[in-house]
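K.L.:
Turn these sequences into a full structure, and let the hints guide you.
2 protein chains.
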Amino acid sequence: MKLSMRNHIIETASELFRAQGINATGVDTIVAEADISKTTLYKYFRTKEDLVLEVLSQRSQEFRDWLSGRLSKVGQDPLKKLNGLFDCIEEWMQNPESNGLPFLKASAEFPQQDNLVNQLSANLAKEFQQYLTAMASEAKVKSPEALGQQLAMLIEGAILSEQLNKNSGALGFAREAALSLIKINLP
Amino acid sequence: MKLSMRNHIIETASELFRAQGINATGVDTIVAEADISKTTLYKYFRTKEDLVLEVLSQRSQEFRDWLSGRLSKVGQDPLKKLNGLFDCIEEWMQNPESNGLPFLKASAEFPQQDNLVNQLSANLAKEFQQYLTAMASEAKVKSPEALGQQLAMLIEGAILSEQLNKNSGALGFAREAALSLIKINLP
DNA sequence: GAAATAGTGTACAGTTCTGTTCACTGTACA
DNA sequence: TGTACAGTGAACAGAACTGTACACTATTTC
Numbered sequence: 003m004k005l006s007m008r009n010h011i012i013e014t015a016s017e018l019f020r021a022q023g024i025n026a027t028g029v030d031t032i033v034a035e036a037d038i039s040k041t042t043l044y045k046y047f048r049t050k051e052d053l054v055l056e057v058l059s060q061r062s063q064e065f066r067d068w069l070s071g072r073l074s075k076v077g078q079d080p081l082k083k084l085n086g087l088f089d090c091i092e093e094w095m096q097n098p099e100s101n102g103l104p105f106l107k108a109s110a111e112f113p114q115q116d117n118l119v120n121q122l123s124a125n126l127a128k129e130f131q132q133y134l135t136a137m138a139s140e141a142k143v144k145s146p147e148a149l150g151q152q153l154a155m156l157i158e159g160a161i162l163s164e165q166l167n168k169n170s171g172a173l174g175f176a177r178e179a180a181l182s183l184i185k186i187n188l189p
Numbered sequence: 003m004k005l006s007m008r009n010h011i012i013e014t015a016s017e018l019f020r021a022q023g024i025n026a027t028g029v030d031t032i033v034a035e036a037d038i039s040k041t042t043l044y045k046y047f048r049t050k051e052d053l054v055l056e057v058l059s060q061r062s063q064e065f066r067d068w069l070s071g072r073l074s075k076v077g078q079d080p081l082k083k084l085n086g087l088f089d090c091i092e093e094w095m096q097n098p099e100s101n102g103l104p105f106l107k108a109s110a111e112f113p114q115q116d117n118l119v120n121q122l123s124a125n126l127a128k129e130f131q132q133y134l135t136a137m138a139s140e141a142k143v144k145s146p147e148a149l150g151q152q153l154a155m156l157i158e159g160a161i162l163s164e165q166l167n168k169n170s171g172a173l174g175f176a177r178e179a180a181l182s183l184i185k186i187n188l189p
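As they're listed, the protein sequences go chains X and Y.
If you're matching positions, the first sequence starts at 3 in our numbering and goes up one per residue.
If you're matching positions, the second sequence starts at 3 in our numbering and goes up one per residue.
Simulated from the structure, these hints should not be mistaken for lab results.
Please read all numbers here as calculations on a predicted model, not as lab measurements.
A few of these clues could be false.
For identical chains, the list gives no copy identity; a pair is met inside one copy or between any two copies.
Quick list of in silico lysine-lysine cross-link-like pairs, DSBU-like style, CA-CA up to 30 Å [said to hold, decoys possible]:
#1 Lys-185 with Lys-144
#2 Lys-142 with Lys-168
#3 Lys-185 with Lys-82
#4 Lys-50 with Lys-128
#5 Lys-75 with Lys-144
#6 Lys-75 with Lys-128
#7 Lys-168 with Lys-144
#8 Lys-75 with Lys-168
#9 Lys-142 with Lys-75
#10 Lys-128 with Lys-185
P.N.:
The structure is reproduced here in structure tokens:
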């Protein structure tokens, strides 16, 4: 048996969602790729939506963990962390297994506000922005909330641009913008 | 008869796509809402995808026209235009009939790179960014391409944030960021 | 050895969606 | 008067998708 069937399913689905999109990936494809029977999948997840929510949560958790681990390598100085942020993002984007910020794509594929996936995405987006705001706060900049939001928007915009038009250099320009904004906000 | 049946269909579909998303709007809904028969729709459009592409082109054209018209009210001075950009965007967002940048949502609903809607969206995104770069160029800033890209990313990020979490104040923070970036880039 | 546990395989119900077919109706116009 | 044109209405083919049912098979555990 697999180490954990439930996890095996999540991993498989996650990879398929990343490569093809969520809506474009049917349950049949997931079970075929995971080499399990449909019965099994529906034993571990009530519906496909449940699975999607689980994948999304897990991927976001992974990103958060990766980012804070990676940032702690930069050092302890909060300002250094802020300045190193875009290096991390760039590294994350270069990883072919990453797909940008998972909640961005998910919210886009489920645009309706009453949809659970959309709602989870909105929460995750908010968390991400609050994480950046907290970082800005620790660095004792003038307007942490403004800077946090601005960095979040730059990152989101950059990832979108980069994925929509590869090699547009968007990420590099976003980094410059971020550095300028941080500088302006220094006490 | 309608003034132009083709246009009537585009208008109806456009409104439905805006309100519910593209994938969530079936052909049957469109013909019901437009009060026409399915036969007629398929006489004017070979496939639903054709209709989507047409709607997307038209909406983008409308936005471009609206924006340059609105900006020309600000005045002739290119720098003033740059600085007034976010006022226009805010106005555009407040219009309940707007749906942000149409190509953003569309590209999100069709994430596959070989998809025609995705490709058109990518082109429209590029055009938008080039439009901003041209504006920056006219204003004779130091790095027009960088500034154009940065403004595009801020706008895209702001619209995403705003739609994902209403009343987050994202647009206001984006405006501040834009003004700072413009200022830094002055010759 | 019996029973519980975990998973298989296949068929299928039921829905939804795109796109087609076909016989039809009203209307403008020559 | 007759024909060409624009559109109707309803049925349906065909595909894709989610979720269920049911009878079956290993494997562990008591």
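K.L.:
Next step is simple, just say for each hint if it's right about the structure.
P.N.:
Going through the hints against the structure:
{"no.": "1", "hint": "Lys-185 with Lys-144", "in the structure": "both (10 Å within a copy, 18 Å between copies)"}
{"no.": "2", "hint": "Lys-142 with Lys-168", "in the structure": "between (35 Å within a copy, 27 Å between copies)"}
{"no.": "3", "hint": "Lys-185 with Lys-82", "in the structure": "both (12 Å within a copy, 25 Å between copies)"}
{"no.": "4", "hint": "Lys-50 with Lys-128", "in the structure": "within (24 Å within a copy, 35 Å between copies)"}
{"no.": "5", "hint": "Lys-75 with Lys-144", "in the structure": "within (25 Å within a copy, 35 Å between copies)"}
{"no.": "6", "hint": "Lys-75 with Lys-128", "in the structure": "within (25 Å within a copy, 36 Å between copies)"}
{"no.": "7", "hint": "Lys-168 with Lys-144", "in the structure": "between (35 Å within a copy, 24 Å between copies)"}
{"no.": "8", "hint": "Lys-75 with Lys-168", "in the structure": "within (29 Å within a copy, 35 Å between copies)"}
{"no.": "9", "hint": "Lys-142 with Lys-75", "in the structure": "within (20 Å within a copy, 40 Å between copies)"}
{"no.": "10", "hint": "Lys-128 with Lys-185", "in the structure": "both (24 Å within a copy, 29 Å between copies)"}
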